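2 protein chains.
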Amino acid sequence: MKKQFAVIGLGRFGSSITKALSREGFEVLAIDVNEEKVNQFASIATHAVVADATEENTLKSLGIRNFDHVVVAIGDNIQSSILTTLMLVEQGVNHITVKAQNDYHEKVLLKIGAHKVVHPERDMGIRIAHNIVSKNVLDYLELSDEYSIVELVAGMKVDGRSLIDLDLRAIYECNVMAIKRGEEVNVSPAPKDILYDGDIIIVIGADEDITRMEEELFPDS
Amino acid sequence: MKKQFAVIGLGRFGSSITKALSREGFEVLAIDVNEEKVNQFASIATHAVVADATEENTLKSLGIRNFDHVVVAIGDNIQSSILTTLMLVEQGVNHITVKAQNDYHEKVLLKIGAHKVVHPERDMGIRIAHNIVSKNVLDYLELSDEYSIVELVAGMKVDGRSLIDLDLRAIYECNVMAIKRGEEVNVSPAPKDILYDGDIIIVIGADEDITRMEEELFPDS
Ligand SMILES: Nc1ncnc2c1ncn2[C@@H]1O[C@H](COP(=O)(O)OP(=O)(O)OP(=O)(O)O)[C@@H](O)[C@H]1O
Ligand SMILES: Nc1ncnc2c1ncn2[C@@H]1O[C@H](COP(=O)(O)OP(=O)(O)OP(=O)(O)O)[C@@H](O)[C@H]1O
Ligand SMILES: [Ca+2]
Ligand SMILES: [Ca+2]
Ligand SMILES: [Ca+2]
Ligand SMILES: [Ca+2]
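Protein chains in written order, with the working numbering: chain A, 674 to 894; chain V, 674 to 894.
The set of hints was computed from the structure by calculation and includes no laboratory data.
Because the structure is a prediction, the values reported are computed rather than measured.
Using N, Cα and C, we set each Cβ at its ideal position, and we do this for glycine too.
Please note that the accuracy of each hint is not assured.
Partial list, derived from the structure: chain V residues whose beta carbon lies under 7 Å from chain A [what the hints assert, rightly or not]:
| hint | residue |
| --- | --- |
| 1 | Ile-690 |
| 2 | Val-791 |
| 3 | Met-850 |
Below, computed lysine-lysine pairings styled on DSSO-like, alpha-carbon distance capped at 27 Å [said to hold, decoys possible]:
| hint | chain 1 | residue 1 | chain 2 | residue 2 |
| --- | --- | --- | --- | --- |
| 4 | A | Lys-675 | V | Lys-830 |
| 5 | V | Lys-780 | A | Lys-710 |
| 6 | V | Lys-830 | V | Lys-865 |
Make a model of the complete structure from these sequences and hints.
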């Protein structure tokens with residue numbers, strides 16, 4: 674059977690989750706106290722209901738315990754977020770993910786039994802700081818404290834040079850895993866493949882090696 | 674010379690960027706109208722000042738045009754965010770990144786000359802929806818509409834099997850780029866390397882192939 678999700682709170686974060694889950698074909702129950710917000714989801718979510726999630730009976734009558742995963746995306750009202758989470762835990766919901774405003778909020782949520790706590794603003798701040806510092810790094814995935822995968826923009830310094838010629842593996846211990854050129858993605862780059870200005874390369878390696886490579890071959894334009 | 678950053682607005686998003694940039698050793702000027710918030714950054718940022726960024730003379734006297742990159746992280750007050758951005762553009766700041774609340778806000782920001790607009794809550798909503806749908810995907814990097822890199826948790830179905838035995842390349846056209854076991858990361862996995870329950874593998878491939886592989890070899894626990 675298809676997984677059933679419920680999202681409580683349709684601010685930017687809750688809206689985005691509801692849309693993404695619906696787009697992937699999942700059943701989503703969207704809940705908010707604000708009727709206007711709920712109306713916006715009438716045609717997006719499977720069901721959209723106006724309800725105050727801090728009311729125990731309301732959650733019960735919605736059969737919330739039967740949902741596979743409930744996301745609490747009430748942000749600013751920390752008290753409502755905590756109260757709602759507590760009732761979800763008491764009703765035995767299997768997976769509860771809650772958006773936290775700060776560390777104190779997170780601590781309380783975990784203590785009362787939330788399964789996962791997320792900090793969208795904080796986490797995106799860290800990601801975007803990364804992108805700002807190095808304009809040639811478009812996106813990245815941190816594998817550990819020491820290793821990352823990064824998307825680097827190729828510039829004139831590597832334009833027209835083949836991977837074997839650049840020999841990134843020997844010089845920087847970095848492996849090129851993919852090359853993006855416009856909409857095309859080459860996921861098994863060969864040694865003779867040539868890089869051009871504007872290509873995006875996806876590289877795996879140790880942070881310090883990637884930084885060294887970036888400074889020497891991919892300087893900011 | 675070291676790059677100089679300024680962050681205007683020390684909410685969760687602006688705080689996080691300021692801390693991340695400071696941690697990486699960059700000079701950061703932190704600005705907020707709220708004295709309490711500014712005080713919290715006295716020992717974190719290079720300089721922390723109480724100022725209303727919508728006042729043209731204030732920005733001028735801070736020498737804002739000399740900064741390499743200015744981040745506007747004023748969220749809720751859209752009018753202040755727009756006004757501040759406009760003045761940064763007029764003073765000729767080279768790189769201006771602005772946090773937007775919604776699509777309308779973004780459109781105005783780009784029209785008046787912001788260089789980059791970000792939507793932390795929306796973007797994290799999409800990321801977290803991804804994680805929720807598939808509990809075995811810890812994190813991912815979207816390379817294009819069709820290709821991604823994902824971090825998958827290995828379970829009992831692959832426990833004790835070597836990469837050559839699983840033959841993911843032939844069966845799913847997916848390449849294993851790294852294997853994480855606790856704090857150890859193996860970034861050049863060999864065919865004879867064996868996976869164990871709890872390992873995290875980093876895989877590159879087409880979305881539909883990854884999904885198929887996930888369903889067959891990495892079912893939700
Ligand atoms: N008790 C409650 N039951 C149901 N929904 C609630 C409750 N309290 C608040 N909400 C809803 O949660 C949503 C998110 O609240 P929040 O105050 O964090 O708004 P926001 O700042 O726009 O959110 P975001 O930070 O995700 O953009 C709002 O639409 C609000 O109506
Ligand atoms: N004109 C201004 N000049 C300087 N700082 C401002 C100005 N207007 C608002 N700020 C500051 O911007 C910060 C972020 O504002 P916002 O209203 O988005 O708060 P927030 O919701 O806590 O932020 P976030 O969504 O990042 O958590 C606040 O600390 C606020 O004092
Ligand atoms: Ca909010
Ligand atoms: Ca790191
Ligand atoms: Ca906000
Ligand atoms: Ca995709």
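Check the hint pairing Lys-780 (chain V) with Lys-710 (chain A) against an upper bound of 27 Å on the C-alpha distance. Roughly 22 Å between the alpha carbons, so the hint for Lys-780 (chain V) and Lys-710 (chain A) holds.
Below or equal to 27 Å on CA atoms is what counts here, so check Lys-830 (chain V) against Lys-865 (chain V). 17 Å, holds
Mind checking the CB of Ile-690 (chain V) against every CB in chain A and telling me if the closest is under 7 Å? Cβ of Ile-690 (chain V) sits 4 Å from chain A, so the hint holds.
Proposed proximity, Lys-830 (chain V) with Lys-675 (chain A) (alpha carbon, max 27 Å): 22 Å, holds
Can we keep the Val-791 (chain V) interface hint, with Cβ of chain A closer than 7 Å? Holds, about 6 Å.
Closer than 7 Å between Cβ atoms is the bar; does Met-850 (chain V) clear it against chain A? Give me holds or violated. 5 Å, holds
Violated hints: none; the structure is consistent with every hint.
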